[in-house]
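Under UniProt numbering, the sequence shown has 144 at position 144, and the numbering climbs by one with no breaks.
I should point out that these hints are in silico values taken from the structure, not numbers from a laboratory. Beta carbons: idealized from backbone N, C-alpha and C, even for Gly. Accuracy of the hints is not assured; some may be wrong.
[As the list claims (entries may be wrong)] Simulated restraints, written as ranges between beta carbons of each label pair:
no., residue 1, residue 2, range
1, R134, D52, 17 to 27 Å
2, E90, A176, 18 to 28 Å
3, A176, D115, 21 to 31 Å
4, R103, A73, 10 to 20 Å
5, R193, R109, 34 to 44 Å
6, T168, E136, 33 to 43 Å
7, P141, L111, 35 to 45 Å
8, G140, R109, 41 to 51 Å
9, E160, T101, 42 to 52 Å
10, G110, A142, 37 to 47 Å
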Amino acid sequence: MHRRPLGVPARRPALVVAALAAALTLAGCAGSGVDSPVPAAPEASTAAAPADADVAFVRGMTPHHDQALQMTALAPDRASSPRVTALASEISAAQQPEITTMRDWLSARGLPATDPAHAGHAMTGMLDATALQRLEASRGPAFDRLFLEQMVAHHAGALEMARTEVATGRDPQMVALARDIVASQQAEIDRMRAMLG
1 MHRRPLGVPA RRPALVVAAL AAALTLAGCA GSGVDSPVPA APEASTAAAP
51 ADADVAFVRG MTPHHDQALQ MTALAPDRAS SPRVTALASE ISAAQQPEIT
101 TMRDWLSARG LPATDPAHAG HAMTGMLDAT ALQRLEASRG PAFDRLFLEQ
151 MVAHHAGALE MARTEVATGR DPQMVALARD IVASQQAEID RMRAMLG
């Protein structure tokens, strides 16, 4: 019987243990035949999603336009100036189709019309309940002036949102809409200021 000298380690068992460990490691890498889910790359999962700026623009501009329609609906029964009545009608005719476009855009992407996390947050240019009540209660020349003053401020808020979308949005349709809003509402602001004198 051959004896190993004292102090010389047993190499063969150590090599066997190392080989076995390596084999088990490789077997683990090869898998058990059941594929574990691999998370999609972030780019792949979000490529079709609209930019946050686009969604924020649509969710902000839609109720903003809704309020403009509330204001313009008051003009036929309250305004004394045919110019104010005509302007209100033009604003309504321009913004109603834009509301439809924005709602359809959200719907096509399966997005809710509002963001619950930001519900109730005031947007620039939006009238509060008291201001709307003042407009509803006014008649004649007083209505004309108040309507123009409030609509100038309201349009200024829309311009702010639209310019942000032009600068940061990625959806071509919404950026184009924002550009149209900037052009049309700036022209309306200039017109209303001229009417105010």
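Each hint, compared with the structure:
Remark: the range hint 17 to 27 Å for R134 to D52 is contradicted by a beta-carbon distance near 35 Å. At roughly 20 Å, the beta-carbon separation of E90 and A176 lies within the given 18 to 28 Å, and the hint holds. Separated by about 23 Å at the C-beta atoms, A176 and D115 satisfy the suggested range of 21 to 31 Å. Restraint check, R103 to A73: a C-beta distance of roughly 19 Å satisfies the suggested window 10 to 20 Å.
Distance hint check: the CB atoms of R193 and R109 are about 37 Å apart, consistent with the given range 34 to 44 Å. A hinted range of 33 to 43 Å holds for the C-beta pair T168 and E136, which are about 36 Å apart. Between P141 and L111, the C-beta spacing of about 44 Å keeps the proposed range 35 to 45 Å intact. Distance hint for G140 and R109: a CB-CB separation of about 45 Å, consistent with the stated range 41 to 51 Å.
About 20 Å separates the C-beta atoms of E160 and T101, a value inconsistent with the hinted range of 42 to 52 Å. Distance hint for G110 and A142: a CB-CB separation of about 46 Å, consistent with the stated range 37 to 47 Å.
Hint violations for this structure: numbers 1, 9, all remaining hints satisfied.
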